[in-house]
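J.: Use these hints to put chain C onto chain P, whose structure you have.
Protein chains: 2
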Amino acid sequence: MKKGRLILIPSALAESNGTAQFPQHTLEVTFQLIHFITERAKTARHFLKSIGYPHPFDGVEVMELNKHGEDNLNELLQFCEQGIDTGLISEAGVPGVADPGGIIVREAYRKGIEIVPLIGPSSLLLALMASGMNGQNFHFHGYLPREEADLIKKIKTLELHSKQDDVTQMFIETPYRNDKLLAALLKHLAPQTDMCIAANLTAPNQSIVTKSVELWKKSGIILGKKPAVFLLFSGKLHS
Amino acid sequence: MKKGRLILIPSALAESNGTAQFPQHTLEVTFQLIHFITERAKTARHFLKSIGYPHPFDGVEVMELNKHGEDNLNELLQFCEQGIDTGLISEAGVPGVADPGGIIVREAYRKGIEIVPLIGPSSLLLALMASGMNGQNFHFHGYLPREEADLIKKIKTLELHSKQDDVTQMFIETPYRNDKLLAALLKHLAPQTDMCIAANLTAPNQSIVTKSVELWKKSGIILGKKPAVFLLFSGKLHS
Numbered sequence: 001m002k003k004g005r006l007i008l009i010p011s012a013l014a015e016s017n018g019t020a021q022f023p024q025h026t027l028e029v030t031f032q033l034i035h036f037i038t039e040r041a042k043t044a045r046h047f048l049k050s051i052g053y054p055h056p057f058d059g060v061e062v063m064e065l066n067k068h069g070e071d072n073l074n075e076l077l078q079f080c081e082q083g084i085d086t087g088l089i090s091e092a093g094v095p096g097v098a099d100p101g102g103i104i105v106r107e108a109y110r111k112g113i114e115i116v117p118l119i120g121p122s123s124l125l126l127a128l129m130a131s132g133m134n135g136q137n138f139h140f141h142g143y144l145p146r147e148e149a150d151l152i153k154k155i156k157t158l159e160l161h162s163k164q165d166d167v168t169q170m171f172i173e174t175p176y177r178n179d180k181l182l183a184a185l186l187k188h189l190a191p192q193t194d195m196c197i198a199a200n201l202t203a204p205n206q207s208i209v210t211k212s213v214e215l216w217k218k219s220g221i222i223l224g225k226k227p228a229v230f231l232l233f234s235g236k237l238h239s
Numbered sequence: 001m002k003k004g005r006l007i008l009i010p011s012a013l014a015e016s017n018g019t020a021q022f023p024q025h026t027l028e029v030t031f032q033l034i035h036f037i038t039e040r041a042k043t044a045r046h047f048l049k050s051i052g053y054p055h056p057f058d059g060v061e062v063m064e065l066n067k068h069g070e071d072n073l074n075e076l077l078q079f080c081e082q083g084i085d086t087g088l089i090s091e092a093g094v095p096g097v098a099d100p101g102g103i104i105v106r107e108a109y110r111k112g113i114e115i116v117p118l119i120g121p122s123s124l125l126l127a128l129m130a131s132g133m134n135g136q137n138f139h140f141h142g143y144l145p146r147e148e149a150d151l152i153k154k155i156k157t158l159e160l161h162s163k164q165d166d167v168t169q170m171f172i173e174t175p176y177r178n179d180k181l182l183a184a185l186l187k188h189l190a191p192q193t194d195m196c197i198a199a200n201l202t203a204p205n206q207s208i209v210t211k212s213v214e215l216w217k218k219s220g221i222i223l224g225k226k227p228a229v230f231l232l233f234s235g236k237l238h239s
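These protein sequence lines are chains P and C, in that order.
Taken in order, the first sequence gives residues 1 to 239; the numbers are from the numbering used here.
Taken in order, the second sequence gives residues 1 to 239; the numbers are from the numbering used here.
Next comes chain P alone, as it looks inside the complex (with noise of 0.2 angstroms):
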């Protein structure tokens, strides 16, 4: 029998953003399926409806990622196993794109499932693209170290490395702790280095700003609990 396939469905970044942002093709395929992975069934079901998703959820089976855990990839790919195309869903994003989905990805690989990505949108490529930094080579490094001597020490090693081989240097933060961070960021960089800061990301008021760290703090800057990416440059721009 022909497995079915894992379908890696992006989901809204933002609240209220409709389907405008989600391309034809991904609603199309999306609205197909009625089996899902998720992190969390309540987001999950919430994203569906906002694109309109077009069956009622008492027919739909949605499964939770974290509930299953590791030993359990199995039970989560056994609508695959018997031919049904099954939906993977992230918290906001990408699945596998800074979230923990590539564990499941891996084991469909393992048992021949076939992988389909759908496009749609990704705060770090969005980041990214609008960061003017380099996009010929960079590093998303996930979150960074939480005790202070470790960060002091990972922000001067990303610095450093960024200035030696021009690589963009890509994070996030629990928005929580952003102006800690933040405050990390601009007392430890050289006034020069180049900063950038992408927040709301496709909401109304997304902000997406870039410049060196000396601007930044004359512009006493206060983040809140914006869901933000960091990006970090001090090497040289080729064309």
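Mixed in with the good hints, there may be bad ones.
Once the Cα atoms are required to be at most 30 angstroms apart in a straight line, the calculated DSBU-like pairs of lysine-lysine come out as [unchecked claim]:
| # | chain 1 | residue 1 | chain 2 | residue 2 |
| --- | --- | --- | --- | --- |
| 1 | C | Lys2 | P | Lys218 |
| 2 | C | Lys154 | P | Lys154 |
| 3 | C | Lys154 | C | Lys180 |
| 4 | P | Lys226 | C | Lys3 |
Worth flagging that the hints you see were computed from the coordinates, not collected in a lab.
Model, not experiment: these values are computed from the prediction.
T.: Below, chain C without anything else, positioned relative to chain P:
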């Protein structure tokens, strides 16, 4: 006077994609523009036609980045300075990622021009999503060195760093050199290292496969001139 915005417009990765892979919002914003900065005017016009761009081209300004060069960024951004929104279109995929668009975005920031990235297809993002590798730590390197000794050294370094830091290593190659790169990868990587090859993304014959170097060797794969993204991973995945 309020300056015009620089709108970053994703373009198709493959022929005949039409509008189905572009969000309504991306199409609507693009259709309102009549000034574009492109790598090649011909490709950009072809793309605009393919998504149903409604204006006759004799009233449309299509500037070429290459012909202007870094010295002439002022010329390219002249319409933004005059208060007119201008679109930036890459040869394929999103501007500023795996292309030299960063230079013009950086100059736009210097001039106080607002940057607006639109959602659309990116081969790097689709490949990473579907790789089953680490999406919480990844590094895109652009093109690897061409000279054989440098290439071998680079391949070994990427593999070692992947193992040490659990980082996914991503790179691309000019299509006509694909099989030469592939031969070097299969020769110099450890058998248990995972490699993903994502080829012909978004085309009807799209192929995305992750398996160990050992299994790739047995597969007898020949890539030919398919546009492809390569990914390596020799680390561990964490949930």
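J.: For every hint, state whether the structure bears it out.
T.: These are the hints, each one checked on the structure:
| no. | hint | result |
| --- | --- | --- |
| 1 | C/Lys2 with P/Lys218 | 23 angstroms, holds |
| 2 | C/Lys154 with P/Lys154 | 23 angstroms, holds |
| 3 | C/Lys154 with C/Lys180 | 15 angstroms, holds |
| 4 | P/Lys226 with C/Lys3 | 26 angstroms, holds |
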